[in-house]
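Asker: If you read the sequence shown in our numbering, its first letter stands for residue 114, the second for the next number, and so on.
Just so you know, these hints were derived from the structure itself, not from any lab.
Heads up, the beta-carbon is just placed ideally off N, CA and C, and yes, glycines get one too.
Distance windows between CB atoms, simulated:
no.	residue 1	residue 2	range
1	N265	K158	45 to 51 Å
2	R150	E196	21 to 27 Å
3	K173	N278	41 to 47 Å
4	L120	H218	31 to 37 Å
5	T360	P386	21 to 27 Å
6	R353	A186	44 to 50 Å
7	K173	T378	42 to 48 Å
8	S311	S171	39 to 45 Å
9	K153	L214	25 to 31 Å
10	G300	K158	44 to 50 Å
11	D238	G319	19 to 25 Å
12	P384	A152	28 to 34 Å
13	L120	S171	16 to 22 Å
14	V249	A292	20 to 26 Å
EDC-like cross-link-like pairs, simulated, lysine to aspartate or glutamate; straight-line CA separation at most 16 Å:
no.	residue 1	residue 2
15	K153	D141
16	K387	D238
17	K387	E234
18	K153	D180
19	K173	D141
20	K296	D347
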Amino acid sequence: MTAAFSLFSPQQWHVLRALSLYRFLTVDQMLHLGISRNAKSLRDKSLFALRHHGCIQSEKIGSFLPDVHYMNAKGAAILEELEGVALDATPSKKRQPFSALFAPHRFAQVDFHIGVRQWAESRGDVEVLLELQDFVRQPRAATELQVPGLVNSVIPDGLFAVGTNSGQEAVYAVEIHRATQSKAVAGQLSQYFEVIKSAAIAQTHGVTANPIICSVHQQPAVLASVKARLAAHDGFAPFRQNFVFHTLDDLRDNFTGGWHLADDTPAQPFPLPKPKRDA
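Start from the sequences, fold in the hints, and give me the full structure.
Answerer: If you want it as structure tokens, here you go:
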């Protein structure tokens with residue numbers, strides 16, 4: 114047993130495990146995960162101690178952005194030794210894990226991942242089978258899909274799959290859009306017609322459910338235009354139920370609600386359990 118194990122508090126272990134799963138987190142995201150109720154205490158005690166023991170790094174990404182915290186090789190080695198799980202340390206050779214330009218996009222990707230996990234936990238009958246992000250390289254992006262009929266591979270921002278106790282599966286491909294050109298975004302989403310037809314996700318990852326494409330937008334005007342373009346696309350009709358949309362501003366606080374189809378019909382890609390009737 115390492116000396117670090119005896120020094121770490123339960124909260125510090127919680128931080129390390131969360132960083133091993135989500136790769137990087139802000140303090141606000143750690144609070145959202147329930148790691149602590151107090152940001153100052155989290156910074157001054159747990160994060161300070163983990164940096165002191167050389168297990169994590171904390172970086173300032175931009176003047177108006179929160180610090181990013183991520184595990185380094187020592188932290189990954191400690192978790193591997195004590196929990197028997199081989200982990201890759203998050204940071205690359207660069208000092209910062211990503212630039213200020215990409216930071217809001219990366220934060221949103223992690224927020225989505227947190228949402229999937231918290232939804233699965235709230236259900237109680239759902240197990241997360243697959244959770245991949247494009248910023249994890251193995252050496253290619255972990256989400257990359259080779260799709261017959263397409264010249265270029267498709268790289269979702271995230272790929273997630275869950276299974277229920279009854280044996281049902283659901284698969285989610287996530288796109289969090291930074292582009293402001295609705296034509297380009299609609300073109301990007303139309304590639305998923307071939308992803309669905311070719312069963313590329315099933316062939317690559319072994320999860321057989323038809324994927325739900327979660328299209329998350331920062332700008333409502335772009336969202337509206339993208340939905341209109343997709344609805345007018347000749348190839349869209351067979352796949353209209355596979356595409357759901359949300360706004361980035363509402364995603365974190367309303368992860369299971371607010372989803373809708375291209376025609377604005379409400380959708381429930383992450384259904385809550387039905388309330389139990391009194392006997």
